[in-house]
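Peer 1: Single-letter residue listing:
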Amino acid sequence: MPTRRTFLKRLGATGLVSLSGLPPALLARASLAAERHQRQGSGRSLVVIQLAGGNDGLNTVIPYGNDLYEKNRPGVRIGKDAVLKLNDELGLHPAMGAMKGLYDDGALAIVQGVGYPNPNRSHFRSTDIWQTASLDEERPDVGWLGRAMDEDDSEREGTLRAISLGFDRLPLTLVAHTANAPNVRDVDRYRLDLGGRDDADRTKRRRLMTELARPGSDSASDLDFVRRTSISAYDSADRLQSLVASYKPAADYPRNGLGQKLQLIAQIVAAEVGTEIFFVSLGGFDTHSQQAGAHTALLGELSSALGAFWSDLKGHDLEDRVVAMTFSEFGRRVKENGSLGTDHGAASQMFVLSAQPPAGIIGDHPSLSDLDDGDLKHHTDFRSVYQAMLDDWLGYPSQAILGGNYPRLALFS
Amino acid sequence: MTTADSVSLASLEVFQPGPKGWTLEEAAHLLRRAGFAARWQEITAAHRAGAAATIERLLAPEEPPAEFQETDELLHRVAIGTGEIQDLKAWWLHRMRYSNAALTEKMTLLWHNHFATSHAKVNSVRLMADQNALLRRHCLGDFRTLVHEISRDVAMLVWLDGNANKKRHPNENYARELMELFSLGEGNYSERDIQEAARAFSGWHVRENEFWFDRGHHDFGTKSVFGKRGNLDGDDIVDLCLEQEACPRFLATKLLDAFIGPHVGDVEVNLLAGRIRHHDFAMDKVVGELLRSELFFSPASRGAIIKSPVDFVIGTYRTLDVRPNLQKTSQLLAELGQDVFEPPTVKGWEGGRHWINTATILLRANFVADLLGGQRYGEVPAVVESVPTARRTSPKELIEHFASLLASRSLGEDSLERLNDYLVGAGAVDEQRSRKLLHLLMTSPEYQFG
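Residue numbers (the numbering used here), protein chains in the order written: chain A, 1 to 413; chain B, 414 to 863.
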């Protein structure tokens, strides 16, 4: 178990953090937080991947042997011979070769039939429901992982606890009352510029900026909120920039958006700075017309990026530390529409990537005959998945965060 | 919360300056809140003119200079010509930066946020420009007229699915937002009111980019909204909404959020709602009264609002007299979370703490660093020359000068001392030093408040 001193030494030695550039108080806080993680045997991370727009789950994990599948989807169905077969009934979309490999290796779990009661078919509303884990009409202003961070905020201030990558604004999932998650649009922009060429003067001003932002006595005030956020911003930017400079990936990442984001996540995980939560999004799943090309490209991006990510983590012996999960605001209707596409539906599947999942497919594929107004019925509430992530992976009290108990789902062995 | 209590002590009575008279800081506060901040010379001019005259000028500005008008018209023509929304954003940002009618632009932005409509769906620069003109025309006028006209505004009809609202299949989108977001607020209507109101708006369609009353799709039957029955049409619904007790209160909340801050209570809301009724929704009178009030100048109101990206960026330009690159500015505003003409949803921008996260803090800080030392957003004219000679003889005076120019909240003694130490150690008060001092002041948490 590393002590605070060895942690500081390690940071200094690896050059991950420039000791001179950071105020001692922050460094001490960061090391304490890291120590706490070590002590609890934690250091675990959750990567949440949003498939925005409503992924067509039925063409992702395909019930290829089912006549009703073929009948309802004469135009957009994936042929029996093309699917990557998981068993006698189900197969993955042909673009998902890498994920098939992860499945065969026992790293990928597929949770079937996930949804919630009275499904909402509006992108905005349903995305809010998934992000807040609340069905209330009155939308909570914090997300489910934001609430998780709020549960345990005081001791970890100053650590880079959660990061969202690639958004214009912080996704609702991570919005919290007191905890601050950095929203990194891209790494290049997530840095602190000081201007001027005189290094000694820059160091002086950098230190002054932290001193001017030192929180006061009224922690609930807006001013102290801005101060805390400022310090967290300066600190995390310094660290992120030095991490990125020193990391060597152990896999060839695809040159697509998701691949690049997952590569950055692997870098941050490798830096062991206590970041627990990552949130990224892959958009474009709203395939109302001419679905085939777009959907193939999107699933290909998801699959190749996840494949490289997992190899990279394994190459660094980090796969025990990371779980990745996907979600989408809804699946799509069973019956295709008139423009070779599919319209907004309801239940769908979630993927969970981890080093200790139970075998492959969790739960039955929803019935293609017993439908709810043309949509698949869910049998697993999405909050059961969240609950497992909180209780069994991250170690947070799910009941307080989710406001209730849901049927237990054995996601981790 | 302590600040909330102290606000309640203030009222809408006309502000009486303290024993020292109207202060420079109070003048700066007025120009920040009722506009987009100002240069030192403008603050001192307002200070000399007095509060009453300055507020009068904000409410009834002079004709803009010819040069401004020419550029304004040119940018507008370019936007309509190219059909690129980026160009329309540049046009509006130019107005916010240079217009002498700063309150007009501020109110137009307030209504843009209130009747939030996005080009992302409307997809027509012409229609967005028309709506913006409508908002500006009535921004300090009769709120009733504004709601009537926005209800047949073409961009709004496209945005909230007017054409889908037909007698056989009523679409509730507009009726719902009219009540929830434009006039009453949640809890002040029933689902039944919305369904009936939607029928009254059926057939309010768009044809060839014009409002078109489509008789064939309008429901001429009897509707019942807020207990009133009859063959109601859309204009009747607007009138009924405006007659509700909740409407002036809802509007008062909006105005208090924008001009006083987040810590006001029911007392102030009720007071202002009463004034809105008294003035029969005449916004020039209501806003004028608010700006002249004790409440507006009360210590709890000063510096209580987290600056929106527009306030932060345009305010900095105005304060330092920057000639900005408008395209780059509009990209920055989008990154900071306030992409004008493209609000995220019909609810508009949430504001307050939602503006601030670690990424936007870095973007704000980097913007300041670039402005004072780089070229990306525009050039800052010599800073030190803008400081009156008497105020640049020592670091202490320089710090005091910039503090009264910039700060809506004063930095603590501790911070001021550190800044003084930093400047004293560096020798003469020259241009370079002044810029570094500004960099520190403008990246401070206090400068994020207006």
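The set of hints was computed from the structure by calculation and includes no laboratory data. Predicted model, so just to flag it, every value in this text is computed and none were measured. Each residue gets a CB set at the ideal place from its N, CA and C atoms; glycine is no exception. Misleading hints may appear alongside valid ones.
What the hints assert, rightly or not - Away from chain B, derived, C-beta distances all over 12 angstroms, residues of chain A: (1) Asp201; (2) Arg214; (3) Ala233; (4) Asp372; (5) Asp391.
As the list claims (entries may be wrong) - Cβ pair distances, simulated, as ranges: (6) B/Thr806 / A/Asp188: 34 to 44 angstroms; (7) B/Arg620 / A/Gly196: 35 to 45 angstroms; (8) B/Arg539 / A/Asp370: 28 to 38 angstroms.
Peer 1: All hints are to be evaluated individually against the structure, with a verdict given for each.
Peer 2: Hint by hint, here is what the structure shows:
no., hint, verdict
1, Asp201, "7 angstroms, violated"
2, Arg214, "8 angstroms, violated"
3, Ala233, "4 angstroms, violated"
4, Asp372, "22 angstroms, holds"
5, Asp391, "28 angstroms, holds"
6, B/Thr806 / A/Asp188: 34 to 44 angstroms, "43 angstroms, holds"
7, B/Arg620 / A/Gly196: 35 to 45 angstroms, "59 angstroms, violated"
8, B/Arg539 / A/Asp370: 28 to 38 angstroms, "50 angstroms, violated"
Violated hints, listed in ascending order, are 1, 2, 3, 7, 8; each of the other numbered hints is respected by the structure.
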